Structure formats: structure tokens, C-alpha cells
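Undergrad: These two chains come separately, so use the hints to put the complex back together.
From first to last, the protein sequence lines are chains A and B. Read in order, the letters of the first sequence are residues 1 to 286 in the numbering used here. Read in order, the letters of the second sequence are residues 1 to 284 in the numbering used here.
Because the hints were derived from the structure by calculation, they are not lab data. Check before you lean on any hint, since a few could be wrong.
[Claimed, not checked] Below 20 Å or equal to it, Euclidean Cα-Cα: the simulated SDA-like pairs (lysine to any residue) are:
| hint | chain 1 | residue 1 | chain 2 | residue 2 |
| --- | --- | --- | --- | --- |
| 1 | A | K209 | A | K149 |
| 2 | A | K112 | B | M58 |
| 3 | B | K238 | B | M58 |
| 4 | A | K112 | B | Q264 |
| 5 | B | K199 | A | N110 |
| 6 | B | K180 | A | L56 |
| 7 | B | K68 | B | M58 |
| 8 | A | K75 | B | L189 |
| 9 | A | K75 | B | M58 |
| 10 | B | K180 | A | K280 |
| 11 | A | K280 | A | N269 |
| 12 | A | K109 | B | P12 |
| 13 | B | K180 | A | T60 |
| 14 | B | K180 | A | N269 |
| 15 | B | K180 | A | N110 |
[Claimed, not checked] Derived CB-CB ranges, DEER-like:
| hint | chain 1 | residue 1 | chain 2 | residue 2 | range |
| --- | --- | --- | --- | --- | --- |
| 16 | B | C43 | A | A19 | 51 to 59 Å |
| 17 | B | A222 | A | T99 | 29 to 37 Å |
| 18 | A | G264 | B | R166 | 46 to 54 Å |
| 19 | B | V13 | A | A19 | 13 to 21 Å |
| 20 | A | K75 | B | F209 | 47 to 55 Å |
| 21 | B | A124 | A | D67 | 49 to 57 Å |
| 22 | A | S16 | B | E218 | 31 to 39 Å |
| 23 | B | W75 | A | E134 | 31 to 39 Å |
| 24 | A | S16 | B | A124 | 17 to 25 Å |
Note that the structure is predicted; figures quoted are calculated from it, not measured. From the three backbone atoms N, C-alpha and C, an ideal C-beta is built for every residue, glycine too.
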Amino acid sequence: MPIVVEHLTHVYQSGSINAYTALKDINMTIEDGEFVGLIGHTGSGKSTLIQQLNGLMQPTSGRVTVDGFDMNDKKQRAGGRALVGMVFQYPDYQLFDETVYRDISFGPKNLKLDEAEIDRRVREAMDLVGLDFEEFAEKSPFELSGGEKRRCALAGIIAMYPKYLVLDEPMAGLDPSGRRAVLEMIDGFRKRLGCAVVMVSHSMDDIAKAADKVIVLRGGEIFKCGTPAEIFSLSDELNEMGLEPPFAARMASELRRRGFALPGSIYTNEALVEALESFKRGDKNV
Amino acid sequence: MFKDITLGQYFPVDSPVHRLDPRTKLVLLIMYIIAVFIVKDICVFGLVLAFMLFMTIMSRVPLSYVTKAIKPMKWLLPIMFLLNLFMIKTGTPLFTWKFISITSGGVRQALFIVLRLIALVTGASLLTLTTTPVSLTEGLERLLSPLKAIKFPVHELAMMMTIALRFIPTLLEEADKIMKAQLARGADLESGSIFRRAKAMLPILIPLFVNSFRRAEELALAMESRCYHGGEGRTRLKVLKFQLNDLWALLIMSAFFAAVVLIQHFLPIDSMLTAALKRILKLG
Ligand SMILES: Nc1ncnc2c1ncn2[C@@H]1O[C@H](COP(=O)(O)OP(=O)(O)O)[C@@H](O)[C@H]1O
Ligand SMILES: [Mg+2]
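This is chain B alone, in the form it adopts within the complex (with noise of 0.2 Å):
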């Protein structure tokens, strides 16, 4: 059952957007998330969900594969919904029973908040699906390292992001034997008030941290025998190198960055849409 999850899961093809420098890569992130909070008009934010679909159709990844990152927020979703239609009372009422009122900017800020939700998220999962961990935390230990000056330790983390991600899935793995072992040993996990469930999950914890604890130790060993001392003087099998994808990356990225601010800016759609609506209300 713990085989369902997929976190952080590298789909292995080849593509332009698999080929990128994970700096860039982090970059293009980092200003999508921007683009997508600066967005105030629903218009545009068609422009940020084709800007993620071009993206998802250069990388060869399955729409599906990245739209599965949704998933997990089924519940999430319909609530955050709900929440902010029924509680937001700015705009124009659209609707009023007893003293339940939608209005038109609860409305808005509903389906904002859903569709910024979703645009996150699938970019978010885009760039895992095509970044090797590895090569992620590289990247991400790369773009901090100028906080070494501050004596961050920025090697450290990245190393422990490394392993942790390598981790994960043996981890899962793991708890779904462990899990079995204890099934067939009659434990009954499912059954009682939630502090008996609790207390019947401890023949799973204990082994998983137990087993979890001797390999890390192992793995220190390890390490330590083949000469790890921490990031001073290391260098890198593969050095990462700026190509000419990444430049043409970066300009498609900033050509849609301006586009975002400038049509926020100089065309304000939404409203000119709303005043239109207005006008043919009254009208009707």
C-alpha cells in the first residue's frame, strides 16, 4: 500500500527539458512561482497553465504523469474551494439564501486559489520528473553556495537532501514488509479508537527506526572508508556546465515573466470582462 506514493519521481526519457542545467532548471521554477502570485486576472492565468502545458509538452512527460501531482489534494481542493466561496464577502453579491452569500469575489478568489494550487504543484512535480535527485541537489547546493560565505553549510544540507531522497523509497519498501511481517503475526491494525491504533503501529515503528538507524550507520562507514570528509576540497565526477539550451530556456522564461507583468499591467482584462458582464446585465 505504501508502493502508491510517488514522491519526487524522475520519469527517465530524453528531452530538451531533461537536458537543461538543474540550475536553470531551479531558476525557471523560482520565477514561475512568482509569475503565478503576480497573476491577479483569470485571463492571464491561462497564459501560466499553457506556459505549463508547453513546458510539459517539451519534456516528454505524460500530462497525465504530471497532473497525477493533483491527486493527493483531492480533499484539499473541493475545501479550500468551499472555504473561500462561502467566506469571502468582497464584490458584488451573486447569490443570497438565509445567510449563506456568494459573491462575485469569493467567486474569484476560489477559483484562484485552486487554479494557483494546481499550477504550483505541477510545476513543482514537473521539474522532479525530469531531474534526477542527484542532480537536483547538486544544482540546488551550486545555486546556495554563495551562502558558504556566511558559513551556511550548504554541502551538508545538500548531502542530506541527497540521501534522504535516495532513501525514501527503500524506506517505503521497508515499511511495507515490516507491515506484512506483523500482518502475519495477527497484529490488527485497523480495528479500536485511534490511541489503539497508534499503539499497534509500534511493532512497525520500532524495527523501521531500528533498521533505519543501523544503516545509517553502515552508510557513515562507508563514507568514512572511501575518504568522505565533508564538502572541503571535493570536487565533481561531472561538472555542471551552462549550454545553449539553458540560454534559450532562460529567454522563453523571461519572455513569458514580461508577458505575465506586462498584460497584469497595461491590460486589465478582468475587469474590462467584468464592466462588459455589467453592462449586459442590465441590459438582460
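Excised from the complex, chain A in its bound form (with noise of 0.2 Å):
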């Protein structure tokens, strides 16, 4: 069963003379085992939008359902906020335990498992995050840097079996190996808890790699949905809301611009470096 999100509005301060309206008339699904890239302008409202999905906020007027728990009654709201995980941007808001250990299995323990299988997931999520388990288990959560106290974040909610993961702009101030350890690591969890993944990035080029499905949102309206060649061949678009396309993209287009003929479906580095050797080979068919 998918997340439905349908017709939902969300205005701050509501009823006040500073109420605003940061969402509106929003119709989405995320279905299961989903990747769901969410990109948009800052302000565009993509974490007010992903806050609803687990019922952290809830909408002024519309509906989020998380299969079949309906997130407006509040004796639902626990049913469905246990199959989202949440992983926010800064892992300081996270960490509070003695332990890394124990700090792993506090989500574990609210969902009363018992002792063994608690151990057992907080082991497999060390491992996910590739935090060695002799080294860090026993360390205080304020001793690590700054990239281990993002994987001990997200290892806290892997731990606790998701069955759609929620990032908000995880890797937001990484450098590019981080990014891509980042990646991988989500790509690692979707393989083996084989969760949906709603993840906001500003990375273009991530999005194109990981996404099966993209969500522009555009001052609080959803402007296009689609798949990654669909949203990246709107190059202007995209460009005109403050979104750079992806590196391959945007090369692809001003190769076209300068009489190559390229097909129009180009916007990950593997497809354009296919292309690009196709077009040497002097294959004008491409």
C-alpha cells in the first residue's frame, strides 16, 4: 500500500495577519520500494511537505494517508509514523545517548522489540552505515565527527526497518564522497530492507542517478512530476526556478545547441559518455 497524499494545503500562522500559505492543493503517491527525488527552489516548501508524510505536521485542509492509517486522527497517526522514517538534516538534533549503541537502538526500543533482535538490527545498521561496531559502539555520540554523527543518525532509523525512508537534504554540507558515501549507503538499506526513499536534495545529479520518479515543487505547488528524462529534458524551466540541471544535461543541450545531434533523453554522465562514444564510432543513429 502506497503513501496518498490528496489535495493538501498547509498555511502557517494560520488565522493570523502572518499566515502563509507555504503549500497548496498538493496530490501525490509514493509507492512502495519507490525512489522519489523531491527538488524545488528554497522556501519552494519541500520540508513542510515531507514533515506531513509522517504526520509531524498535519495539513490545514487535505489528506495524507500512510497505507490506510489516516495521518488526521491522531490514534492513527502512531500506526502510520512507525512505517516513515524521518531522517533530518543536521544529526544534532538526533544524538542524546551515552552510546552510540544506545543511541542506535532508542527508535528499536519504542517499537518494544525485544532485547535480541534489538541487537541484531542496531548491529545490521552499524554495518548499513559502515560504522564498525568494535570502534564506535561503545563511543559517546558528541565524540564523533561530523560525517560519523550522520551516519549514526541515519543508522538510527534504518534500525528501526522503515518501509519508506524520508531524508531531508542528507547531504547537505558533504563533499562529493561524502555525497556519494551517502548515496550508496541509502542505495544499500533500499536493497535490503527494500524500502521507498523520499529524498529532498539540491543535488541535481544525484537525483538523476538514484530516482525513479522527480517532484518539482514551485511556491508551494507541485509544478511537475515524472520521470527523471521527463523533468531534465525542461532545461529552461528548471533553470528559470534557480535549478541547475544535472552536469550531463546541461552538456548535453549545449552540444545539441552546437549542431550535435544528440537524442534528447541524455542527463546522467553514463548515458552521455554512451552517447557521446556512439557519436565518435560515427553512428548517427544514436
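TA: Written out as C-alpha cells, the structure reads:
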């Protein structure tokens, strides 16, 4: 069963003179096992939208249903929330316990799992995020480096086995190798847990590489929803919104502008390389 | 949920009250508070509330914003009113039923407590609505500067206040984010005994404290690296200056203050009214 968002509108400080409509009539579906990329300019409502997915915020009007749990209903909310794992931008908002081990087990404990299962999950989560158990389990989470904290925060969510993993700019402030590592980790969880992923990111290259479906928000409304190929072919519209299309898409459109007859659906580096190589071979029917 | 707290919120418009020197406004507030406590007659209280209304209109802050400050007292006010109503046994009894009795003194006292609290809170909130935290603490520092003579750390105190006020919204916002992060991990903050609930707050309090300490350290470093070394020899970018406006404000305040004192001493309106009331009651 999917996450279904119907006619969702969110107004901040509704009823006061500062009322601000952050989301307008959003309709979308997140299917099982899907990787959804959510992009949009700063302030377009991405964070507001994803916090509705596990009921941390309630819509002013409209409805969110997670596998049949109505998130507007206080009694059903906990059931839906247990299915949706949420990773925030800064690990500092989440780490609190004495040791890494205990911090990661906080979520599983709240799910009322037994000791043995918790232990198994903590070990597995640490393995998936690449934190060595012997080295880190008994360390204080506050002694970790920035990248290690992020891994620890991720592990705390993974250990809850979410059916949907929601990440709000998980790679902000990381260097390229750190970004690649996070993407690989997310890929690892998907293989292991078969979970769906909703990822907010400013890096179109990462979205192009990983997403099955891309949703573009503009001014609190869904501007466009489609496959990466559909979205990244709209390079003019994306540029206008202040979003830079992936490097490969920009390169391809620049080459096309200069008279190279490249196909229209290039947005990953691999596809670009392949197209250029077949071009070099003199194969004009790419 | 923390976002609803409006503590010392500044209302950014331009008005004669906003433009007053913060020192003037502090002095006005002090005089106003003294006036509120001098008043012993309900009728004179009308004058106090009228003055408050006048200042609010001059400040161009919507009345609803000033009265918002009363909202957190929505439980305190009725409790204070009822306590005074039933506990004070002075004056003539108005109503008795078994062991419960209400006296005229009780009614007066109950009304007074409520009116005083409202007058004080709205006065203070008008000050913070019309004065930025920075200029407020600056005004305080200058007003208290004579205390430097007895080695009282006036500057340090003012700086601490400025920083504290500056970080209240940041802290509230951060508490909100941390709470969400822990709720998303299945933290249960709402059920169980008080003891359990206090323990459930730990996952929120610990990151809040850790982040605050880290931020304090970073702030101290940032200040030191820009050569901050306390108040000694420190000058101001904008030096406070009294203007004609301040003179007017002080004059108006003094007139109001004098009126309150004079009426209170020479025109016992309340006792005249009660006497009249008694005559009418007796006639009836
Ligand atoms: N607590 C709040 N109160 C009022 N407005 C808010 C609040 N949080 C966010 N907003 C506004 O809502 C809009 C969307 O914010 P957000 O969802 O954080 O955008 P994004 O994550 O896409 O940058 C922004 O214009 C922001 O200023
Ligand atoms: Mg955001």
C-alpha cells in the first residue's frame, strides 16, 4: 500500500496576519519501493511537505494516508509514523544518548522489540552505514566527527526498518566523496530492506542518478511530476526556477546547441559518455 | 508548538513611541508601574487604562497585540479573582450563604488585583513591542551605569541580556526541530506518569543543551576573535541621544502621574460613590 497525499494545503500561522500558505493543493502518491526525488527552490515547501508524510505536521486541509492510516486521526497517526523513517538535515537534533549503541537502539526500543532483535538490528544498521561495531558502539555520539554523526543518525532510523525512508537534504554540507557515500548507503538500505525512499536534495546530479520519479515544487505547488528523463528535459524551466539541471543534461543541451545531434533523454554521466562514444564511432543513429 | 510563545516580541512599525529613547521608555514604565500601585480607587483606574490606551494608539501597535500578553494569564486571573473574592472579609457583607460570604472589600480587592495585573503586563508588553531588544538592553546599561562606581558589572549584565534575548527564538525553533526528530523515532512524550514523562523529555533536553553549549562556545570565540574584551573602553556605533520627543513624553507622563496622585489625595471618588450607593440602598 502506498503513501497517498490528497488535496493537501498547509498554512503557517493560519488565521493571523502573518498567515503564509506554504503548500497549495498537493496531490501525490509514493509507491512501495519507489525512489522519489523532491526538488525545488529554497522556500518552495519541500520540508513542509515531507514532514506531513509521517504526521509531524498536520495539513490545514486535505489528507495524508500511509498504508491506510489516516494521519489526520490522532489514534491512527502512531501506526503510520512507525512505517515512515525520517532523517533530518542535522544529526545534532537527534543524537542524545551516552553511547552510539544506545542511541541507535532508541528507535527500536520505542517499537517495543525484544533485546535480541534490537541487538541484531543495531549491529546490522551500523554495518549498513559503515560504522565499525567494535570501534564505535561504546563511543559517545558527541565525540564523533561530522560525517560519523550523520552515519549514526542514519543508523538510528534504519534500525527501525522503515517501509518509507524520508530524507531532508541528507547530503547538505558534505564533500563529493561524502555525498557519494551517503547515496551508496541509501542504495544499500533499499536493497536490504526494500524500502521506498523520498529524498530532498539540491544536487540534481544525485537525483538524476538515483530517482525513479522526480517531483518539482514551485511556490508551494507541484510544478511537475515525472521520470527523471521527463523532468530534466525541461532545462529552461528548471533554470528559470533557479535549479541547475544535472551536469550531463547541461552538457548535452550545450552540445546540441552547437549542432551535435544527441538524443533528448541524456541526464546521467553514463548516458552522456555512451552517446558521445557512439557519436565518435560515427554512428549517427543514436 | 513552541512557535506560539511570543516573548518580548518586537512589532516593527515607525511611531513616536518607537522613536523614543529606550531610557525614556524605561523611566516611563517605572513611573507607570508606581502609578498603578498608588491607585486605590477603582475610578482612578479608568485614568490608568485610558493612559495605556493613549500610549497604544500613539505606538501604532494594534491593541490586539498588546492584549495578547494577557493570554498566558487566562488561568491566573480568574483564580486570583476568586481567591480574593472569597478570602477577603473587610467592608460590608454583600452576600452570605452558609460559610461562604462576599464582602464589599473582597469585591474591591478582587477587581483591583485583576486590573493591576492587566495594567502591568500590558505596560511591559508595550515596551517590548516598541523597543528592539538591543536598544532595550542598551538603555538599561546606560540607566544603571552609575552602579559601575560600586563595581557592579553593568555592561556584562546588559551583554548577557542582549545575547539571551537574541537566542530565545533560536532556542524555541531548535526545541521544535529536536522534538520532531525524536517523535519521528517513536518517542512517546504524552503518556505515562509524570515521572515517566519527565524521563521521556531527556532525548529532547540533552541535544538542546549540547547544542546550546556548543553555540555559546562558538559565539564566545567569534566575539573574542573580533577583540571583544568586556565593557572597558568600548564605544557605541549609535550613541543614544535625548530628543524633543523624549521631553514631551516625560512631560505627558509627569502630568498623568501628578493627576493620579492629586485625584487620589483630594478627590475620594470611591468613598463618595459608596456613600451615595449606601443612601440609595437604604432608601430602597
Ligand atoms: N514555522 C514557520 N512559520 C511560518 N512560515 C514558515 C515556517 N516554516 C517555514 N515557513 C515558510 O514556508 C515556506 C516553505 O518552507 P520550507 O518547507 O522549509 O521550504 P524548503 O524546505 O523548500 O526550503 C518558506 O517560505 C518558509 O519561509
Ligand atoms: Mg528545507
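Undergrad: Each of the hints needs a verdict: does it hold here or not?
TA: Now for the hints, and whether the structure bears them out:
1. Distance restraint check for K209/A and K149/A: the Cα-Cα separation of roughly 25 Å exceeds the 20 Å cut-off, and the hinted pair is therefore not satisfied.
2. Only pairs whose Cα atoms come within 20 Å are accepted, and K112/A paired with M58/B is rejected, the gap being roughly 60 Å.
3. Distance check on the hinted pair: K238/B and M58/B sit about 25 Å apart at the alpha-carbon level, beyond 20 Å; violated.
4. Simply put, K112/A and Q264/B have alpha-carbon atoms about 68 Å apart, too far for the 20 Å limit, and the pair is violated.
5. Distance restraint check for K199/B and N110/A: the Cα-Cα separation of roughly 14 Å lies within the 20 Å cut-off, and the hinted pair is therefore satisfied.
6. With a C-alpha separation of about 6 Å, the suggested pairing of K180/B with L56/A holds against the 20 Å cut-off.
7. The hinted pair formed by K68/B and M58/B meets the criterion: a straight-line CA distance of about 18 Å does not exceed 20 Å.
8. The suggested pairing of K75/A with L189/B holds, with an alpha-carbon distance near 15 Å, which does not exceed 20 Å.
9. Restraint check for K75/A and M58/B: not satisfied, since their Cα atoms lie roughly 50 Å apart, outside the 20 Å limit.
10. The suggested pairing of K180/B with K280/A is violated, with an alpha-carbon distance near 53 Å, which exceeds 20 Å.
11. Using a Cα cut-off of 20 Å, the hinted pair K280/A and N269/A holds, with the two alpha carbons roughly 16 Å apart.
12. Our distance criterion of 20 Å between C-alpha atoms is broken by K109/A and P12/B, whose separation comes to about 47 Å.
13. For the hint pairing K180/B with T60/A, the CA-to-CA distance comes to about 18 Å; that is within 20 Å, so the pair holds.
14. The hinted pair formed by K180/B and N269/A fails the criterion: a straight-line CA distance of about 37 Å is larger than 20 Å.
15. Straight-line distance between C-alpha atoms of K180/B and N110/A comes to about 15 Å, which keeps the hinted pair within the 20 Å bound.
16. Range check, C43/B to A19/A: about 41 Å between beta-carbon atoms, so the 51 to 59 Å window is missed.
17. Look at A222/B against T99/A: about 32 Å separates their beta carbons, and that is inside 29 to 37 Å.
18. A hinted range of 46 to 54 Å holds for the C-beta pair G264/A and R166/B, which are about 52 Å apart.
19. Range check, V13/B to A19/A: Cβ separation about 19 Å, and the 13 to 21 Å hint holds.
20. In this structure the supplied range 47 to 55 Å is violated for K75/A paired with F209/B, their Cβ-Cβ distance being about 33 Å.
21. Separation of A124/B from D67/A is about 51 Å and conforms to the stated range, judged on CB atoms against 49 to 57 Å.
22. Between S16/A and E218/B the C-beta distance comes to about 33 Å, which sits within the given range of 31 to 39 Å.
23. Distance hint for W75/B and E134/A: a CB-CB separation of about 55 Å, inconsistent with the stated range 31 to 39 Å.
24. S16/A and A124/B have their C-beta atoms about 22 Å apart, which keeps the hinted 17 to 25 Å range intact.
Hints 1, 2, 3, 4, 9, 10, 12, 14, 16, 20 and 23 from the earlier list are contradicted by this structure; the remaining hints agree with it.
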